[in-house]
Amino acid sequence: MTDGLTIGQVASFAEVTVKAVRHYHRVGLLAEPPRDASGYRRYGAAEVLRLVRIRTLAAAGVPLAEIGTMLEYGPERFAAALDDVETRLNRRIEEMTAQRTKLRRLADGDQALLPDRAAVLLEQGRASGLTPEEVAATREGMVLARALDPDAFDEYLDNVEAALGDPHVIDLHKRAGEALAWEPDDPRVEEVATDLAEYVLAHPAMLKVVTSFQNARTSPATRYRLISRFGNRSPAGARLLDLIEARLRSAGVFIP
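In case it helps, the numbering used here puts the sequence shown at residues 1 to 256.
Careful: at least some of the hints might be erroneous.
Now the in silico label distances, taken between C-beta atoms and shown as ranges [claimed, not checked]: (1) 84 / 174: 57 to 65 Å; (2) 73 / 119: 30 to 38 Å; (3) 144 / 68: 48 to 56 Å; (4) 68 / 35: 18 to 26 Å; (5) 93 / 238: 28 to 36 Å; (6) 46 / 84: 21 to 29 Å; (7) 97 / 72: 31 to 39 Å; (8) 120 / 72: 50 to 58 Å; (9) 174 / 238: 16 to 24 Å; (10) 97 / 73: 24 to 32 Å.
Quick caveat, the hints were computed from the structure, so don't treat them as lab data.
Source: prediction; values computed, not measured.
Using N, Cα and C, we set each Cβ at its ideal position, and we do this for glycine too.
Given only the sequences and the hints, what does the whole structure look like? Please build it.
What follows is the structure in structure tokens.
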């Protein structure tokens, strides 16, 4: 290597592109060697060694802005700088892993917006026999509830968990789901509404599933309407909820 290497040869030796070598020249990481009589720059052993070190540090994730300074450090300080880079890389890896996990959970709807406990409860509902549509509606309701008042969300999940653990609630939920396809004036709608209202009156804690957001920034009436009416897109469903609320009010239960 007495005559030195051309820029193309040194780039190939260091496993970088010629464009990268020229960039290192521009940013001051690698000094430009003098030209020979033919007008070509010739790179000696010192430049090749420095280029290899630059490429190795850059490939390891060290920002180019820090490489020049690091190459001037003594062994101890250089090792300490590498430890700092490793710490930052590990932090980035953790952040990117968390982002990848969220992306994977997006494949299951809005679970990326929910904590793991909510995902477990949704799976419990699925295992209890709720239809995919009912599970999806429950998931979307959870997302909305969490957005309305994050501080009350754990209590909300407590109530959902209690409901999903009661076979009678699951049965009532299924009947209500079936009622959505009926005509609004179908007498069975009123029967289902009566059964649901009587169950809630016998189990007051169930009311908290839609009324446990007393400290949120929105008004109680707004919160209740958003959650209770969410996903209710059929005329029969609207009548079913109207009948339930009327029955609860007649029993002295406050409904916003």
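Here is what the structure says about each hint:
1. 84 / 174: 57 to 65 Å: holds, 58 Å
2. 73 / 119: 30 to 38 Å: violated, 47 Å
3. 144 / 68: 48 to 56 Å: holds, 52 Å
4. 68 / 35: 18 to 26 Å: holds, 23 Å
5. 93 / 238: 28 to 36 Å: Violated, at about 50 Å.
6. 46 / 84: 21 to 29 Å: holds, 27 Å
7. 97 / 72: 31 to 39 Å: At roughly 34 Å between Cβ atoms, residue 72 and residue 97 fall inside 31 to 39 Å, so the hint holds.
8. 120 / 72: 50 to 58 Å: holds, 54 Å
9. 174 / 238: 16 to 24 Å: holds, 19 Å
10. 97 / 73: 24 to 32 Å: holds, 31 Å
Hints 2, 5 from the list above are not met by this structure, while the remaining hints are.
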